[in-house]
Amino acid sequence: MNADVARPESAANDEALVARVVAGDAAAFEGIVRRWQSPLLNLAWRFCRDRGRAEEMAQEAFLRAFRNLAQFRGDSAFSTWLFALATNLYRTEVRRLPATPLSLDEIAEPSDPRMASFEDSSRDESLRRAVLALPAKYRDAVLLFYFHEQDVPAAARTLRIPEGTVKARLFRGRELLRVKFSRPRRASKSASLAADHPKEARTP
Amino acid sequence: MNAIPPRPPLTEADLDRAFSSASDGILPSSGFAASVMAAVHEETSAPAPIPFPWKRALPGLIAAAVAIGILLAVIPATVQSAFTSAGQQSILSLPVHHTAPLLGEHGNEAIWISASLAICLACLLFCHRLIARR
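Residue numbers (this note's numbering), protein chains in the order written: chain A, 1 to 204; chain B, 1 to 134.
None of these hints come from the bench; they were simulated from the model.
Partial chain B-side listing against chain A, Cβ under 8 Å, derived: (1) 9; (2) 15; (3) 18; (4) 23; (5) 24; (6) 26; (7) 33; (8) 35; (9) 43; (10) 44.
Pair by pair, the computed Cβ-Cβ distance ranges are: (11) B:72 x A:167: 53 to 59 Å; (12) B:27 x A:150: 19 to 25 Å; (13) B:78 x A:96: 48 to 54 Å; (14) B:60 x A:84: 41 to 47 Å; (15) A:153 x B:63: 55 to 61 Å; (16) B:118 x A:153: 57 to 63 Å; (17) B:131 x A:12: 50 to 56 Å.
The structure presented is a predicted model; accordingly, all values stated were derived computationally and were not measured.
Virtual Cβ for every residue (Gly too), placed ideally from N, Cα, C.
Here chain B stands alone, though its shape is the one from the complex:
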């Protein structure tokens, strides 16, 4: 029987030899620099990205901001006034599971959710109109 001798332990020298630049390196192919420069020139000659049309978009953005501001100001006030005018009686007369969303913390959440839904809808319609114009 010819038993395989035990493997010598790994030393620093083994690592140094395996990873030294002389033993572990490649040379760039002859056309490498040229291909990099071709890619660079391609990049520089490519047309600059179209800038965002701030001038045209600004009125729309301002209008959207104002609309959102109004919505945020008006909706809670409207809901609040609806609450008080309807009176406690009608709310309390509803079953518990119906009144829950209108009361306390849940009521606030409902307002915010409906406001966000309205804003989302407005954004969608606005985007649709922009796309349809093209």
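Isolated chain A (complex conformation):
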């Protein structure tokens, strides 16, 4: 899904559609919606893990893009502009209404590793939920890195931060997850992330 690395003809197509919409042809926006609905929806999904909410957030992102399309100057790829706009919106939305009301330590963990396949999917789900409970800056870096198929420069462009910062946040985010998932089961609250990072733990 590395949509950020758009093929030249696709990028040209995007720019042509943008030009038509800016010139007043609102119907041309449908081409943009059809092309980018899946990436934008999936990005929203990764931020909230709720299909209904993800669709609402993605729709709002498209509407915001439509309103601000004239501000797209073509300095970067259209996808970069669109993802940055959507990411900003999604971050604001999950700050307003967090995707998970739980702290990192309250995320359910797989119960018994002997149940191999169930364990895998259960652990994957726990991991995804645990990422949402990370402090926002680490959560965003991890989500965007994997959304962009592990492409650090693309994640950095979307987040509008230097690549080095993305790498550092990614490293820290993974470390927090590693600590969480290597603790003895039913780790005590005293060892919780909130205790480690009282300010960061729940503040996006």
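Following the hints, position chain B against chain A.
Positioned in the frame of chain A, the structure of chain B alone reads:
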């Protein structure tokens, strides 16, 4: 006793698997694009916001600016002249806690506060009149 074996440590591969697009993605519902376009059309068909009536407001704004300018110029001068004409005697004859606001830095603050209050009052009255006309 059947003890639960220790959990294997989290690896990069675990993260990659959990977050790969293949395992962690959803497809847009069939009507998603249509609903986005409906919202877009609704937005385009909505009447444009009423522009601010600059032509009608301009005389009032200029008058307000002039009034504020005059107030700012006149009030300090008036207070200053009142100060000098009343003479030091009467001020000094007041108890200390009464004279304090009229002297030095505090005196200036009092002037500015009264000027801002006057401007606020004028703005309120102006807004009231505008609303009453509707």
